[in-house]
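Protein chains in written order, with our numbering: chain A, 1 to 549; chain B, 1001 to 1321; chain C, 2001 to 2307.
Please keep in mind that the hints were generated in silico from the structure rather than gathered at the bench. Please read these numbers as outputs of a predicted model, since none were measured by experiment. Built from N, CA and C at the ideal position, the CB exists for glycine as well. Certain hints may be false.
For each label pair, taking beta carbons as the anchor points, the in silico distance ranges come out as [as the list claims (entries may be wrong)]:
| id | chain 1 | residue 1 | chain 2 | residue 2 | range |
| --- | --- | --- | --- | --- | --- |
| 1 | A | Pro103 | B | Val1029 | 54 to 62 Å |
| 2 | B | Gly1059 | A | Arg261 | 17 to 25 Å |
| 3 | B | Ser1182 | A | Pro195 | 39 to 47 Å |
| 4 | A | Met504 | C | Pro2079 | 21 to 29 Å |
With a Cα cut of at most 20 Å, we get these calculated EDC-like pairs of lysine to aspartate or glutamate [unchecked claim]:
| id | chain 1 | residue 1 | chain 2 | residue 2 |
| --- | --- | --- | --- | --- |
| 5 | A | Lys391 | C | Asp2066 |
| 6 | A | Lys138 | B | Glu1050 |
| 7 | C | Lys2077 | A | Glu100 |
| 8 | A | Lys155 | A | Glu100 |
What the simulated footprint calls covered on chain C by chain A, stretch by stretch (three residues with Cβ under 8 Å from a Cβ of chain A suffice, anywhere in the stretch; the number is not a length) [what the hints assert, rightly or not]:
| id | stretch |
| --- | --- |
| 9 | 2066 to 2072 |
| 10 | 2144 to 2154 |
| 11 | 2255 to 2269 |
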Amino acid sequence: MSANGMNKSFPIDRRAVLKAGASGVAAAAMLPSASWAQTQSPKSGGTLLLSNGGDPPTLDMHQSATYLTEFVGSPCYSTLLRIDPTDINKLVPDLAEKYETAPDGKTITFHLRKGVEFHNGMPVTADDVVFSLDRIRKPPSGIVSPRKGLLGNVKMVEAKDATTVLIHLNAPQADFPFNVANPYNVIVPRKVVEPLDASGQGMKRTVMGSGPFKLSRAIDGQIYEFARNDKYFGQKAYLDKIQMFPIKGEVERASALKSGRIHGCFFFANEAVLEGLRATPNIVASRRPTPTFINLIPNVRVKPFDDIRVREALSLAIDRSAFIKTVGPLAGAFYHSTGLLLPGSPYNLGMEEIKKFAGFDTIPDGGGNIEANRKRAMELLEQAGVPKGFKIVLLARSDIPAFRDSSINLAAQLKTVGLDASVDIRDAGGFYAAESGGQFQCLAHSVAVSGSLPDQILGEGYTSFGGRNYGGWKDDAIDAAFRAQSAELEPEKRKQLIKDFQTMFLKTFYQINLAWVGYATAYSKSVKGWHELPDLYANMQMDRVWLDT
Amino acid sequence: MIGYLIQRLMTGFVTLFGVALIVFLIMRVIPGDAAVMLSGAGSGVVSEAELQQVRHRLGIDRSLPVQFADWTSHVAVLDFGTSLRTGSPVIEDIARRFPYTLQIVVLAMVIAIGVGVPAGVLSSWFAGTWADRTLQTITIIGLAAPSFWVGLMMIIGLVYFFNWSAPLFWEPFWQSPLQSMSQLIWPALAVGLRQLALIARMTRSIMREVLNEDYIRTARAKGLSEGRVVFRHALWNGALPIVTLIGFEIAALFGGLIITETVFSVPGLGQYVVQSILDRDYPAAQGIVLILATIVVLGNLGVDLLYGMLDPRIRVQGARA
Amino acid sequence: MTETAAAAGPLDAYAGFTPAIAPPKPPRSRRILHLARTQPLGAISTAILLIVILAAIFAPYISPFDPTVGDPAALYKPPSDTYWLGTDAFGRDILSRLIYGARISLVIGFGASILGVVVGTIIGTTSGYLGGWLDSIAQRLMDAMLAFPMLLLALAMAAVLGSSVRNVIIALAMPIVPRAARIARASTLVLKTTTFIEASRAIGCGSLRIIAVHILPNTFAPLLVIMTAYLGLAIVQEAALDYLGAGIQEPQPSWGLMMSGSATSLALTAPWIVLFPGLAISIVVLASNLLGDAIRDVLDPKLQRNL
Chain A
1 MSANGMNKSF
11 PIDRRAVLKA
21 GASGVAAAAM
31 LPSASWAQTQ
41 SPKSGGTLLL
51 SNGGDPPTLD
61 MHQSATYLTE
71 FVGSPCYSTL
81 LRIDPTDINK
91 LVPDLAEKYE
101 TAPDGKTITF
111 HLRKGVEFHN
121 GMPVTADDVV
131 FSLDRIRKPP
141 SGIVSPRKGL
151 LGNVKMVEAK
161 DATTVLIHLN
171 APQADFPFNV
181 ANPYNVIVPR
191 KVVEPLDASG
201 QGMKRTVMGS
211 GPFKLSRAID
221 GQIYEFARND
231 KYFGQKAYLD
241 KIQMFPIKGE
251 VERASALKSG
261 RIHGCFFFAN
271 EAVLEGLRAT
281 PNIVASRRPT
291 PTFINLIPNV
301 RVKPFDDIRV
311 REALSLAIDR
321 SAFIKTVGPL
331 AGAFYHSTGL
341 LLPGSPYNLG
351 MEEIKKFAGF
361 DTIPDGGGNI
371 EANRKRAMEL
381 LEQAGVPKGF
391 KIVLLARSDI
401 PAFRDSSINL
411 AAQLKTVGLD
421 ASVDIRDAGG
431 FYAAESGGQF
441 QCLAHSVAVS
451 GSLPDQILGE
461 GYTSFGGRNY
471 GGWKDDAIDA
481 AFRAQSAELE
491 PEKRKQLIKD
501 FQTMFLKTFY
511 QINLAWVGYA
521 TAYSKSVKGW
531 HELPDLYANM
541 QMDRVWLDT
Chain B
1001 MIGYLIQRLM
1011 TGFVTLFGVA
1021 LIVFLIMRVI
1031 PGDAAVMLSG
1041 AGSGVVSEAE
1051 LQQVRHRLGI
1061 DRSLPVQFAD
1071 WTSHVAVLDF
1081 GTSLRTGSPV
1091 IEDIARRFPY
1101 TLQIVVLAMV
1111 IAIGVGVPAG
1121 VLSSWFAGTW
1131 ADRTLQTITI
1141 IGLAAPSFWV
1151 GLMMIIGLVY
1161 FFNWSAPLFW
1171 EPFWQSPLQS
1181 MSQLIWPALA
1191 VGLRQLALIA
1201 RMTRSIMREV
1211 LNEDYIRTAR
1221 AKGLSEGRVV
1231 FRHALWNGAL
1241 PIVTLIGFEI
1251 AALFGGLIIT
1261 ETVFSVPGLG
1271 QYVVQSILDR
1281 DYPAAQGIVL
1291 ILATIVVLGN
1301 LGVDLLYGML
1311 DPRIRVQGAR
1321 A
Chain C
2001 MTETAAAAGP
2011 LDAYAGFTPA
2021 IAPPKPPRSR
2031 RILHLARTQP
2041 LGAISTAILL
2051 IVILAAIFAP
2061 YISPFDPTVG
2071 DPAALYKPPS
2081 DTYWLGTDAF
2091 GRDILSRLIY
2101 GARISLVIGF
2111 GASILGVVVG
2121 TIIGTTSGYL
2131 GGWLDSIAQR
2141 LMDAMLAFPM
2151 LLLALAMAAV
2161 LGSSVRNVII
2171 ALAMPIVPRA
2181 ARIARASTLV
2191 LKTTTFIEAS
2201 RAIGCGSLRI
2211 IAVHILPNTF
2221 APLLVIMTAY
2231 LGLAIVQEAA
2241 LDYLGAGIQE
2251 PQPSWGLMMS
2261 GSATSLALTA
2271 PWIVLFPGLA
2281 ISIVVLASNL
2291 LGDAIRDVLD
2301 PKLQRNL
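Full structure from sequences and hints, please.
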């Protein structure tokens, strides 16, 4: 291997990235991949009719964390790198046609395509990339950035020239290119957005990207319409138009799909609704695990949840199989993992290991004895001085089944160990207020992470500084273990460090994993060229989708 | 008359000021402020410092009297501000959504009056027979069933039996009136059922009373046909309370639509105001409540004036009050 | 009827009665005994309400299952021998939840209507009797609350107060207060000018005493009528609040709660989950409306006209 690196073609996969980083080899690539096989030749034209689950609360991708915004934004934007539409573990070029990682793994150079324009005709420059990434990691006053953690390792972003961007990292990070490729981390024009930010408006009502489609119409509560961007730098989209209708109810969305009024919807949770769709000819309906998990989160700032025995007792009290059986059909929480990562991830601990942690042996096929677990839970509660009939209130929000229905099931389960559990259901605003103010005992939280890599899931969900530390715990050892695995470039070593991290975390019961959620998609068989990835947010650009009519 | 009108308008104005104050205060004491909602949305823990910046940007870090004065002074010149959720001026959002709501209200009232009044008349005509009893039972059930439940059941029935699906795009009336009507007929039925029942029952009891009056007996004695007696004499004389009821029910309908629009996902004012309250969208929620209240106040005033026109005695008494 | 006509004239049609100009009546007990005979519908409604109340009181003895704990092996089962009305998404028996739900729904219904009517009556009679600037302020405040759409006021109050039974009662009583106050005030204004009140004043009775002894008892009839009307309305509104996601706490069931949340997603595949609670609400509301009619007819036949 040469000292100054070797060229690698896209698509690069995650393992290749790890290796490349490890040996200090630059990864660079040319040309978008056309690796998704097409048996039929695509037809151009037509209008794709989709449904979204409601109105996006904002159109500002950087400020949002909901699929409602992402589904509307994705077709309009480009990112530096893009997740391969056929494989979540690979990246393909987007605005950057190639990139190199310096030998020390701490500087990454992105080479932008030339002649790319935003929808308003302004060129996409390195300065816009610097502005966009800085807007995400260091948002201006009054702008909120839920994903600044993804770029938390960035020391500085600089524009070397009009088409070259340097990103300096604090420490090497194997997963970093995937963080840049996060579908929310889109590139926006400085000239348009900076004044909007200064005025306090942000991009709430502004969509200005360089993606395959332009947002041509947006009527709140009615319709979001996209027209093909004929100046798109990549292969032009097949579809003339996309119309997206916000429909809140799943039953209504499904009936629109069944009656052929829409071609597809990429978000279903309820299994009864999905079953109806599966039974319909000409509809492809399927469910796959997506990076969303449901955790029971005790508030360690209040008694008695500061006591690890109490938290362990909570974990022991819950029959995870029963939870999955009940909440699965309601919220899509059908899946379980043998670690903290996505079901099936090579980084998970495995069944034999996970079973050793209190309560985790009740996952399906775990062979655990729930009665014995609950007996042990009652002993632990007694030791911790928690009286029988202790009142415990689970905080839940009313608008999302994953929260509400999980809590209802958990309350019933916690009663079996002598806790007087009930659920306080609030509207989203009341819920946030209590949650962010730390005014709750426990909550069942559905955590939707954008991305399924260890840095993304562990970093966001399982560190003291991560965005999902609702329980308010603080543990330097865990944070250090997280950073150690993140900076490790040797794949096998990293794998071990990730396992060590999980073992360390699972012992603390700061967050008690219950199940993984799989959101379902359903679309008409006339929709071609779309691949379902185990990620809710990836592959929503719709540029390769065509209609076979 | 003019004096009375001015006096009523003045009290109406004071009432609206009270509404403004109440809705303003309520929105500010609901836990979870606009900043939390704008930056929350399931994205993770947001620091208090960040929230404070957002509050500052929204101007909700100022003292309550300052905010209230600011808001009311803008409202006074019909500037309702910008919706925090949709980002467009509240007045534009309302202007776009109001036609749907108005259309449902009109449609519901047309159904309620068109079916309710004849049903009531028939019922009184056949008082005591099985037809009367059936109608009475149906109407009292119509009064008892929660309208959103009726809506839900209606949706289930429509989807199950007719493979109906909710419209994707609710056509504005002026673009395709027929389609728009056919889309809005179901929510109108769901919400108007109660009004239909009320009007039918009211008509029946009034007709029963009126038909026993001396002048009706006189009319009958004169040999007028029964139809003429009922419709020309009785119904006309009983119209006053029915009109009053209708006036009040229009105001009540606007309230009832709040939930029915949510059930049917109609992009009208009702759904908008519920969403605004849930999203802590202060300008939008305050603006719509104020407008709905204005409709109620004007509706009451209208009813009173109409009352006065139909029954001159009241106008005189009212003017004296 | 001077001021009353303009202020409350049309409204009383809406609320379903005209203020009673009723001098103290002879004991009513005897007439109430006639109720069953002269008011068969009223008697049936009373029986229905009594049955529901008894079911609520004796819920632990008559409900076949625990309403809060579900059987994971019996998720959304249709009505059967074991589960007479089927089970919900958590495998909980719907009949048991209906029986237990009657407790909360009735407590909220009675609680909110009584609280609203009592507070409204106190405000209405006091301000009506005392008059002056106090009356004007109270009147405008009540007008403002009246102009507020009823459900919105309750929704906003529920969001402010949070979701316990007590708070929901308060939230639902709020919109009732101005309506009751208006009616009480109208009656008071009429009574105020009657000779027996003037006589009491002449012999030196205090305002408080006059209100308590002479005015309140005479506003009783109309207020009882609207109380029964609002009993039903409060139950319906509680269900609406639950539907909108601002109701009471799980897992204790209320009829509204049973129709909210995931229940609506299952409406097509398991319609019994939303069907029965809605029916329960309709029946109780129906019964309370009919009872209200009957009470009105018995206490004051003159009011028979409306509804």
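Quick check on a hinted range of 17 to 25 Å for Gly1059 (chain B) and Arg261 (chain A), using CB atoms only. With a Cβ separation near 42 Å, Gly1059 (chain B) and Arg261 (chain A) fall outside 17 to 25 Å, so the hint is violated.
Assertion that chain A covers the stretch 2255 to 2269 of chain C - criterion: three or more residues, beta-carbon distance below 8 Å: That given contact holds, which follows from 9 residues of the stretch 2255 to 2269 of chain C lying within Cβ reach (below 8 Å) of chain A.
Are the Cα positions of Lys391 (chain A) and Asp2066 (chain C) separated by 20 Å at most? Cα-Cα ~19 Å, so holds.
Can you take a look at whether the stretch 2144 to 2154 of chain C is actually covered by chain A? Rule is 3+ residues, C-beta closer than 8 Å. violated (count 0)
Given coverage of the stretch 2066 to 2072 of chain C by chain A, tested with a Cβ cutoff of 8 Å and a minimum of 3 residues: Per the Cβ count (4), the hint holds.
Has the given pair, Lys138 (chain A) with Glu1050 (chain B), been kept, meaning a C-alpha gap of at most 20 Å? 11 Å, holds
Check the following: the C-beta atoms of Pro103 (chain A) and Val1029 (chain B) are separated by a distance inside 54 to 62 Å. Given a distance of about 59 Å, which is inside 54 to 62 Å, the answer is holds.
Taking 20 Å as the top limit, are the C-alpha atoms of Lys155 (chain A) and Glu100 (chain A) close enough? Holds: Lys155 (chain A) and Glu100 (chain A) sit about 17 Å apart, inside 20 Å.
Is Lys2077 (chain C) close enough to Glu100 (chain A), meaning Cα to Cα at most 20 Å? Status violated; Cα separation ~59 Å.
Per the hint of 39 to 47 Å, is the separation of the Cβ atoms of Ser1182 (chain B) and Pro195 (chain A) within bounds? Holds, at about 46 Å.
Cβ separation of Met504 (chain A) and Pro2079 (chain C), checked against the hinted range 21 to 29 Å: 51 Å, violated
Checked against the numbered hints given earlier, this structure breaks hints 2, 4, 7 and 10; the rest are met.
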